[in-house]
Every structure is written in structure tokens, then in C-alpha cells.
Amino acid sequence: NAGVMQNPRHLVRRRGQEARLRCSPMKGHSHVYWYRQLPEEGLKFMVYLQKENIIDESGMPKERFSAEFPKEGPSILRIQQVVRGDSAAYFCASSPTGQGANYGYTFGSGTRLTVV
Amino acid sequence: EDKVVQSPLSLVVHEGDTVTLNCSYEVTNFRSLLWYKQEKKAPTFLFMLTSSGIEKKSGRLSSILDKKELFSILNITATQTGDSAVYLCAVGLQGAQKLVFGQGTRLTINP
Chain A
1 NAGVMQNPRH LVRRRGQEAR LRCSPMKGHS HVYWYRQLPE EGLKFMVYLQ
51 KENIIDESGM PKERFSAEFP KEGPSILRIQ QVVRGDSAAY FCASSPTGQG
101 ANYGYTFGSG TRLTVV
Chain B
117 EDKVVQSPLS LVVHEGDTVT LNCSYEVTNF RSLLWYKQEK KAPTFLFMLT
167 SSGIEKKSGR LSSILDKKEL FSILNITATQ TGDSAVYLCA VGLQGAQKLV
217 FGQGTRLTIN P
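Chains A and B supply the protein sequences, listed in that same order.
Throughout the first sequence, residue numbering follows this note's numbering, covering 1 to 116 in sequence.
Throughout the second sequence, residue numbering follows this note's numbering, covering 117 to 227 in sequence.
Hints are supplied without guarantee of correctness; some may be wrong.
[Claimed, not checked] Derived BS3-like pairs (lysine-lysine); straight-line CA-CA distance at most 27 Å:
1. B:LYS119 with A:LYS44
2. B:LYS153 with A:LYS62
3. A:LYS51 with B:LYS157
Because the hints were derived from the structure by calculation, they are not lab data.
Build out the structure end to end from the sequences listed, making use of the hints.
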């Protein structure tokens, strides 16, 4: 049973380009959580999605960032017109129910975004 | 604003030493406290604590929660070089599925 799969592992974008980060949850999991980790900092919650629904986006920056989790396929975190401050590690986690945070959900290995 | 603070931020010890990592929190609706170990990749789950005073133990690692004083400690005995990692503390909130993380403690074990 593969864990949470994130790709790409590393992504380099020039300022102004778009970044698309993908997260495939564990088999049977329909709830996905995205976190961002800036250098030398802890993880910061961005968004919680269920299939085809955004449940909590209280941590998402108001502009340039969007997330989706379609009925088929991976969850996508999209960052438009990237800036240097977007350089970070982006982690995804998944859970089988909406109680994932109650049990310490499983994280993927992350995508390290570098904006040059 | 919900806040989780870890100390120390960085710790270097020799193999075989015992270490204690600290985590304090100020949140509006506490549900649970979790510890993760992060090497170069994904944070891996260690413990979840919900009740005060009950120690959770896994091998050389143990953790306890004090809900009155709003803190938790993570102890590692007989440390090994493989324990070198960043240890993250996180708090789960009632009515929400997000975790609030501290900034982490970077632990280095020298042979």
C-alpha cells in the first residue's frame, strides 16, 4: 500500500511562472490536507479538501494560491505568478475520514519549490 | 492567535545521552497534542496525547502532557545517531481538522 505520493519532489520556477504541485492520497483516503514549511520553520496549515469540496481554506493566501481535489485524480495545489517568498517545502497529508487530525495523519515526502 | 512554542530550537548531544524536548501551547480549543519526527523528508508520527499525566512510550522515546500548565515533553533515552532529526510538536483543535505546529527542535547526536 503506497503512502501519500507527492510530485514532483523538486520544482524550480522563475518568478512570474505557475507552479502545480500534485498529491495522490493513500488508497481509500478521500481527505487531503496541504501544509507549507518555510526554511527553519514548522509546518503551517494551508487547506483541507474532501473530494470535490474545499472544507477549510483558512490558511491559504488570498491571492495566487488555489487548491482542488477532483473526483478522479490527485489533489493539485496551484500557485500562480510565483515570487521568491513562495520558495518552501509543500507537504500533503491524507486520511480516510474527516477525523484525520485526531489521529495524526500521514504526510507525503513533500515538494520543494524553489523560485529563482 | 493559536501558538505552539518549542524549546530548545537546537540541541547537540553525544550518543548515549538522554534529552528532553519541550513544547508549550496557547490555543483556544485544545483537543490533542502530537509529536512528529522529521528527517529530510516527511514528518513521521510519533505520539498523540489527549490526557494529562499519562505517559506514552515507544522504545527509548516517551512523552507526557500537562493540560493544566499547557505543555508537553518528549524524552529520548540512550540516544543514537539515528535519532538526529527535527522534532515537531503540533496541537489539534476541537472542531477543526488542522494542526498548529511549533517551529521544531533540531536534535543532533554526535558519535
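Would you list, in rising numerical order, the hints stated earlier that this structure does not obey? 2
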